[in-house]
Amino acid sequence: MSFAERFVEADGFRIRYMEAGQGTPLVHLHGAGGLRLNPAHELLARHFRVIAFEMPGFGTSPENARTRSMPELASTMGVAIKNLGVDVFDLMGTSFGGKTALWLALQAPERVRALVLEAPAAIRQDGAESPSGTPEEIARRLYAHPEKLGAIPLPDPATRAKTQPLVQRLRGPNRDAELERRLTDLATPTLVLFGTLDAVIAPAMGRVYKDLMPNAHLVFVYDAGHVISTERPEAFTEVVVDFLERREAFVISRAHTVIHP
Amino acid sequence: MKVSFFETGRYSPPEALPAEWPVPSGVYDRDAGARAYHGMIERLEYIEELGFDWVSVSEHHYSPRILTPSPIVSAAFLAAHLKKITIALLGPIVPHSNPVRVAEELAMLDTLAKGRLVVGLLRGTTNEALTYDLNPAEARERTDEGMELILKAWTEPQPFGWQGRHFQYRTVSIWPRPLQEPHPPTFALGTSRESCEFAARHHLGCGVSYGPFEVMAKATRYYREQCARYGWEPKPEQIVYRANMLVADTDEDAHALLDKQPKGAPFAMRAALRDAFMTADPRNIAGEVRAPNVGGGALPTTFIGSPDTVVEQVRHAREVIGAGVIDLSLHPPGSSDLDPLMRALELFGKKVLPRIRDI
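Those protein sequences? They're chains A and B, same order as listed. Residue numbers for the first sequence follow the working numbering, so the first one is 878 and each next one is one higher. Residue numbers for the second sequence follow the working numbering, so the first one is 756 and each next one is one higher.
Among the hints, erroneous ones may be present.
[Stated by the list, open to error] Derived lysine-lysine pairs resembling DSBU-like cross-links, with alpha carbons at most 30 Å apart: (1) B:LYS990 x B:LYS838; (2) B:LYS1105 x B:LYS757; (3) A:LYS1087 x B:LYS907; (4) B:LYS1015 x A:LYS1025; (5) B:LYS1105 x B:LYS1015; (6) B:LYS869 x B:LYS1015; (7) B:LYS757 x A:LYS1025.
Hints in this document: simulated from the structure, not taken from any laboratory.
Could you put the whole structure together from the sequences, leaning on the hints where they help?
Structure follows, in structure tokens:
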């Protein structure tokens, strides 16, 4: 499955995205490190039309000094999706992008069929700090077993320097009272995933989404760190696909246990 | 020093048994089995009276040597009959269990026992891989994952799904939760590097068994180093040492008793299986490779002698291993000869136990 690089205009930004696959659109909003395609994107593209955005100010895009807030970024991404001719879609957000995804779902609940939040950074523990330091130190915070990953896509210092002001401006407080108040009315079926070894956002934050949101499901992915989709792509994709295909009914097992007919 | 009695359910066969594991269940005697179970209570009431802190039970299968395939059932039975003593369930064999079920049953048991439960989680002895067709090459990974899931099931207040390598659940939300908060005192049992690291990471205790003090100390030293790495220091009662003890009036009497004991392991696996396990079941002591314990030799007796000698040995074990709890077999678990056991218990209870309290 090869991803095609394309661009779309929205709110005066030229936004890059990677696309592959057929069927129901699944939009992905990346974490603070920017868009990095990983094996889970490939696996998801076997089931869905995957549209993975590079949000304005991240990666190869010019510095974004214009977007003032997370709801504003979410609104821009909503326009970008509309400009692709996509009205209704499934929405997946990773870490920082999880918060963007939640705001987009709050702004356009009729457009977002279901939400997948990978280690979302919308609700953070006291004292939570973004990974920082050398690329190796950052990798050790992001991944439970960086040694198993081979060539880790380490964040490029120049790109980080460009995006950090934007991330700091938009990430908001660890507990965002306005967002949390509004989440209590967000009925969108939502799957929240945390790696059991997440060293960036405490996995215990997962339960807060369940406390607040009327239709949230929490899944722990064993032995994964913050970037679950990179460390355990098969486990991540299996539950995400199942949830997006069956929503709440994904809790009913379809696993086969017959050994010999 | 806290003292625990390892209760194995002493089965006295009316006739000689085949010597090989698994022991054919056709030779099981129903009345002897019933006597073994009900005999536990009288013995344990005496143990409680002597001042033992814990009674421990374990999980073993397909042989009369330790007649408790379900330690949870045995622990529930003991908890119902004994009023004071702590029930140490050491422990469910995690890799061949349903971890959610284990979490539920232990929570139930802790509540039934009014918070008198202590739990050890472990991979199991080598032969147990055969019991429920567990691939020994996967046993270590299944143990780690299962232990983590048990802890999560005990502590996570919201329903959750578990996307593991070996276990998968979409909905976990156990009732009851354990009576003790956040959960019963829990030990990772084993000398391996993996087990010590797991215990350190989750602030659990560490349990080692049977080996000589210096060898066990390698594992507990590694465990303490790992705890320090995670920023905490275990208390003495978080290190348990399970061992055989032979106490008699004099050192000579004790050694004479040991000489009379069988040198081989009761109910060993046949040689071809033993050889196959040598490669299928990697084990280690704090990272140092060792052969799996399938050689067929009897487990060592590390406490042996007169009461005076044994008291000094316990002191030495505390210094070397750092153990704050000793879990004792006072007569080989395979033995169905109860009179020497009762004599040893009386001697230990009166002449040793009061003197090792303050160690």
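Next item on the list: Please work out if LYS869 of chain B and LYS1015 of chain B have their alpha carbons no farther apart than 30 Å.
Entry: Given pair LYS869 of chain B, LYS1015 of chain B is violated - Cα atoms ~42 Å apart, limit 30 Å.
Note to self: Hint check: LYS1105 of chain B vs LYS757 of chain B, CA-CA at most 30 Å. Holds or violated?
What the structure shows: holds (15 Å)
Check: Does the structure keep LYS1015 of chain B and LYS1025 of chain A at a Cα separation of 30 Å or less?
Finding: violated (53 Å)
Notebook entry, point to check: Within a Cα-Cα threshold of 30 Å, do LYS757 of chain B and LYS1025 of chain A meet the stated pairing?
Noted result: violated (42 Å)
Check: Does the alpha-carbon distance linking LYS990 of chain B and LYS838 of chain B stay inside the 30 Å limit?
Finding: holds (26 Å)
Next item on the list: Decide if the proposed pair is consistent with the structure: LYS1105 of chain B and LYS1015 of chain B, CA atoms, cutoff 30 Å inclusive.
Entry: holds (25 Å)
Check: When you check the alpha-carbon spacing of LYS1087 of chain A and LYS907 of chain B, does it fall within 30 Å?
Finding: holds (16 Å)
In summary, the numbered hints that this structure violates are 4, 6, 7.
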